[in-house]
Each structure stands twice: as C-alpha cells, then as structure tokens.
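Here's the letter readout for the chains.
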Amino acid sequence: MVVSKSDLKKFFTSIQSEFDVFVPYETEREVDNLVIKKFDPEKEYVLEKYRTVDPVRTLYYFPSESVLPPSPKDKKRIIAGVKNCDLMGLAVLDDALLKDNFVEPNYSQWRKNSYIISCDCTDALSTCHCVLLDNNPYPIKTDDGDALFDINLSPVNNGYIIKVGSRKGEELLQKIKEVCSLKEVTVQDKETREAQRAEVRKKVMDINADFTPDRNYDVISENKEPSVWKEFCVECVQCGACTNICPTCYCLILNDESTKEEFKKVRSWDSCQLAGYAEVAGGGTPREYKWETFRNRYQCKHNFMKFNFDKLGCTGCGRCISCCPAEIDLREVIQSLQEV
Amino acid sequence: MSDKNPYDVLKADVLEVIEESPTIKSFYLKPEKPFEFATGQFIELSLPGIGEAPFTPSSSHYEKEKMWVTIMNAGFVTNEIHKVKKGDVMGIRGPYGRGYPLDVFKGKDVLLLGGGVGLAPLRCLLQTMLHDVDDYKSITVCFGARTPADMIYKDQIDDWTKYKTVAHLCTVDNCKEADNWNGRTGVVTVLLDDITIDPKDAIAVVCGPPIMMKFGTFALLDKGFKASNIYLSMEKKMYCGFGQCRHCVMGKYYACKDGPVFTYEEIKNEEKIWD
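Those protein sequence lines, which keep their order, are chains A and B.
Counting in this note's numbering, the first sequence runs from 24 upward without gaps.
Counting in this note's numbering, the second sequence runs from 180 upward without gaps.
If you're looking for bench data, these hints aren't it; they were derived computationally from the structure.
Heads up, a few of these hints could be off.
[Stated by the list, open to error] With a cut-off of at most 30 angstroms between alpha-carbon atoms, the simulated DSS-like pairs for lysine-lysine come out as follows:
(1) A:K253 <-> A:K213
(2) A:K33 <-> A:K198
(3) B:K243 <-> A:K96
(4) B:K451 <-> A:K334
(5) A:K61 <-> A:K200
(6) A:K135 <-> A:K225
(7) A:K72 <-> A:K225
(8) A:K287 <-> B:K243
(9) A:K247 <-> B:K436
(10) A:K247 <-> B:K447
(11) B:K209 <-> B:K183
(12) B:K355 <-> A:K122
(13) A:K253 <-> B:K447
(14) A:K334 <-> B:K183
(15) B:K436 <-> B:K341
(16) B:K431 <-> A:K253
Remember, predicted model here, so these are calculated numbers, not experimental data.
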C-alpha cells in the first residue's frame, strides 16, 4: 500500500488522543540536524534523510529513572522516522535487557507500548557506515518472524510505500486505513524504491571508500600491544559522549533511594569510558590505564557483545564519531588495527 | 519472558550483629519470607537510602528462614552497613549467579582455600556440605588471615572438625608474641605443604583477596590440581547482579551471571581476572 504524505500527517494528527507521537524535526544546524520531538501538527517533520542526533534508545531507556517501582508508562507511543541503524540497536538492547529470567521493567514496558514506523534513509552523513557492518540504510523484513519495525516507509512520489513488519504493524495499518485513502503499490513505485535504496547504499559505500568492509574484529582483543592503543587514545578526554550517544550502550549504575517505608532503586546511565567505572571498594580495577579504558569500548562492541548476543554492538550509525570532541574516528581505529 | 521485577527487594530484620574481627562483622538476617539460594550464589544487600553491594551469604543454603552475611568494612556502603544494629531493617534481592556445582564435588576430596573475608562464601559452602558430609570423600579447610585477630570463625572450628572426614588447617601472615598464636605463620599457600589428599582428582575452591586468589591458584596448579577442578569465586564491581550493568564483565563473561563461581579453566585466558 502507498500512503500520501499529506494523509500520513492527517493520521498522526488524528491519532494523538490515543498515542504520543514522536517524529524527527530539522534544527538550524546545517547537517546532522534531526531531533526526535513530540509531533506538532503546525510544523513540518522529516521522516527520511538520515538518522537523528540521538539514538531511539533514549526513548526506551531514559538517562535516569526508577526501576523499583518501575516508572509509570500510561500512554502508547508511535515513534516515526526510525532508521535501520537504530532498529539494529534495539535488537541488541532486546537481547541484553529482555532475555533470561531478568527482564528490565521499564524497557520491556516501552517496547510493548511503543509502535515503530521506520523509514528508509534517503541521504547519508559523512560518519554513516552501516555498510561496513553488513547493514543497510533501510530495514528489511526477513521471512522468519517479526521485523524490528512495525511499519516501514519507503519514500516514493509524494508518498510512502507501507511495509508491515509485525502484528503491531497490522494493527497500526488498520488505524491508518480509517483516516487515509491508500493506493496499491505500482511496479513503478517498486522500481523507485529499489533505485533509491541502491543509490543511498552506494552513497554510504562511497563515503567509506577508504575503509575495508571485510574487517577482522578479533584483532581488537588480540592486539595487546599498549603502544598502538596509547597512540589512538592520546586525545581522548574520557568524556563518555561516545557511549551516551551509542544506540547499543546500556551500562547502568543503581542508586538506592529507599526510605524506611519503601525500597526504591533508581538506575542511571553509566559509561565505561569514565574513570572509576570498574573500580572496586578496595581500589583495584581491571583497567588501570587510559588506553585500557579506551580499548574497552572497542572490545565491548566488537568482541564481547558478539559473544554475548551473537550480534555486533556497532550498527554503523557513526554517532560516536560525530560527537567526539577529540575527533577520534572509530572507523580509522579499526582500519589501523587491520594493518598493524 | 518473566513479569517479575528483577530489582524486587525483600525486607530483612537484623536479628544479631557479631564483631568477627576489627574490620569484619557478621549480620544475622531474617527475610520477610523464606529465601532460597544455592551455595556460591550471591545477594544484593541494601541499606535504605545508602546503597547496596553484592555479598555471598555465609550460612548454609539449607537454612532458608534466616541467613548470616559476613561483611568487611572496605568502602562507602560497607562502612555504613557496619553501623547497622540489631532491630534495623535491610533489603535483600537475588539470589543471582551460578553457585558451586555440589553434584560435581560429591564423592571427591574437597579443599577449601580461603583468605580474610573470603572465608564467608566458603563457610556457606562448608556448612552446606556438612549437612550431607557423607556425600564427600573428605573436606580440608585451609584458612589464612593477616594476623590472629583477623582470623574469623575461630570459635566454630570444633563444630567442623568433629566429623572424621573434615580437617582444618590455618595460618596467619604474621603475629606478635602477645598474640599467643600456636598455629602456622606464612601466607595461606604454606598450608598446601601439609595436605595429604591426592590432588589429581581433588576439587579446590578458592576465595579471598585478588592477590591470594592468584597465588593460591598457581600454588594449587603446582601441587597438581587440574585447572578444571579449581573453583574461583570472582569478585568484580557490580550493580545489578544479573548481567545488565556490564560493570563486572571479564572479557566474554559476566562475573555476576556466568559466575561468580568459575573454574580456572574457564577464565584463564581472559585478561586481568585477578585485578
């Protein structure tokens, strides 16, 4: 089915009583300027282009919130304009926070209450590198089970091809149909989608022409030579921006805010890049030096998470590169290791 | 997917506090309902408004109504816990992690090598094994402390050694004449010179400060214990206790979820396990 742009906006406007709707808006910055905000019918949103500044994780896993008792989540949400790199991030978080017998109470509620309308990328930033991770700048639904999106949109002439990815997506489509008049997808629409997807993929490939797509991540842990890592981390100021903005980082600290009457636990983001992260009461730490702390993020994303979840913890969104005050480029670090 | 909140806390009344040494106290707790755990697993013990930290209970896992927890004053939270008095309320959540595989230990010679407050989890294991003492070929308890005053559980040795298959050896790093210490002196590994069990198929369980765990493990290997038969109770910084805060990650493993009990064989290739 194809929905027109104006109809989709009509749908978002009409559904606000039932759902909190979040969409990306452009800010005044020239590039990397999309910010997810609450839908405002008076303003023009942007579903396509590229990823938002903050990862969608921030809408599921707040910087600080009560886990005991869990913070209330009354209203359902629609989060629109999510890109594939963020969907891949949620896949890692699902493995980390919903598996085993231990289910993160807030994250699981948000996952249940939120509906994702993703969108193909139509442009790329200089830091985008999903293709180096075998990902694409658009999500695909495979035959087995639900996709990571509920509905995906592929832009075509003044509208979007709707692809349903899950049962929640079916539910959403019914609601869209109540407000919008949908058209059948034409052969030309499909051709437009495929051409557009190929073009963006090529754009991301071209951006990353200097980097080898076939990367060996084992070298990150195997390379125990401090001098290599010491060189990489010279300019790192250990601010933790790279982890705070990562779509797959979920490290937490827990604070006890209990009273005599009630136990209350509050969890907040932590960062392995901050000093003292792994330090125990006696003062011991497994990562004594800055280069070890610096290397830990690379090990965690490419070695540890791969072992823990059989998925890489890097989705190629490139946010850690965009936000680094020292202009450290994760792609260059990994590339250099290939050549050591 | 479980609907249970993994952060749920059980209230526990403090029934008794014992000063074991100048830096170590034991707390006798009564949770609001019986608390099931397996020896070697740990709990997060919280002091309302202050914080929480991971500890392994030091009483048998057959004792479900009440539990002992032995705690060294080593940092902010434990310093506050040491101010707790009889009648106060604490919080318990858990149990978490993988404990000691008692089925593997059964029928074998089991050596417990402990140092300092590391005796706490070993006491839990020992009390649990004593419940079924005939299931084990023998139990050798080798405990070390810095000085005679730092040696905890001294008054319980007779209870342990009344079984003919249980032996107890202890040493202190150093002592003064006034201490009236008749036992051995030297680090805990000196006790390995005195053991009589055949290390080939024996189980060794090690718990103590990192440096003691490291050299204890190496001494056991020298003695002929197999890496796959040496069980280590690993301690790392932890918040959640169930694999979500990532602070305790040791390479591929989580100390909380995959441990805290590991064989040396399992983790010997991970970096910096002793730090």
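Open item on the list: Hinted pair, alpha-carbon criterion (30 angstroms max): K61 of chain A, K200 of chain A. Please report holds or violated.
Closed with: 23 angstroms, holds
Task: Given pair status - K198 of chain A, K33 of chain A, alpha carbons within 30 angstroms - done: 12 angstroms, holds
Open item on the list: Hint check: K247 of chain A vs K447 of chain B, CA-CA at most 30 angstroms. Holds or violated?
Closed with: The given pair, whose Cα atoms are some 16 angstroms apart, holds under the 30 angstroms limit.
Open item on the list: What's the verdict on K287 of chain A and K243 of chain B, does the C-alpha distance respect the 30 angstroms limit or exceed it?
Closed with: 25 angstroms, holds
Task: Distance restraint between K451 of chain B and K334 of chain A, which requires alpha-carbon spacing of 30 angstroms or less - done: OK: K451 of chain B and K334 of chain A at ~24 angstroms, within 30 angstroms.
Open item on the list: K253 of chain A and K213 of chain A were given as a pair; does the straight-line alpha-carbon distance stay at or below 30 angstroms?
Closed with: 50 angstroms, violated
Task: K253 of chain A paired with K447 of chain B [C-alpha distance capped at 30 angstroms] - done: Status holds; Cα separation ~25 angstroms.
Task: K247 of chain A paired with K436 of chain B [C-alpha distance capped at 30 angstroms] - done: It holds: about 26 angstroms lies between the C-alpha atoms, which stays within 30 angstroms.
TODO: Decide if the proposed pair is consistent with the structure: K72 of chain A and K225 of chain A, CA atoms, cutoff 30 angstroms inclusive.
DONE: 15 angstroms, holds
Open item on the list: Would the hint linking K355 of chain B and K122 of chain A be met if the CA-CA limit is 30 angstroms?
Closed with: Cα-Cα ~54 angstroms, so violated.
Open item on the list: Can you confirm whether the C-alpha distance between K209 of chain B and K183 of chain B stays at or below 30 angstroms?
Closed with: This hinted pair holds, its Cα atoms lying about 22 angstroms apart.
Task: Distance restraint between K436 of chain B and K341 of chain B, which requires alpha-carbon spacing of 30 angstroms or less - done: Violated, because 36 angstroms separates the two Cα atoms, which is more than 30 angstroms.
When held up to the earlier numbered hints, the structure conflicts with 1, 3, 6, 12, 15 and fits the remainder.
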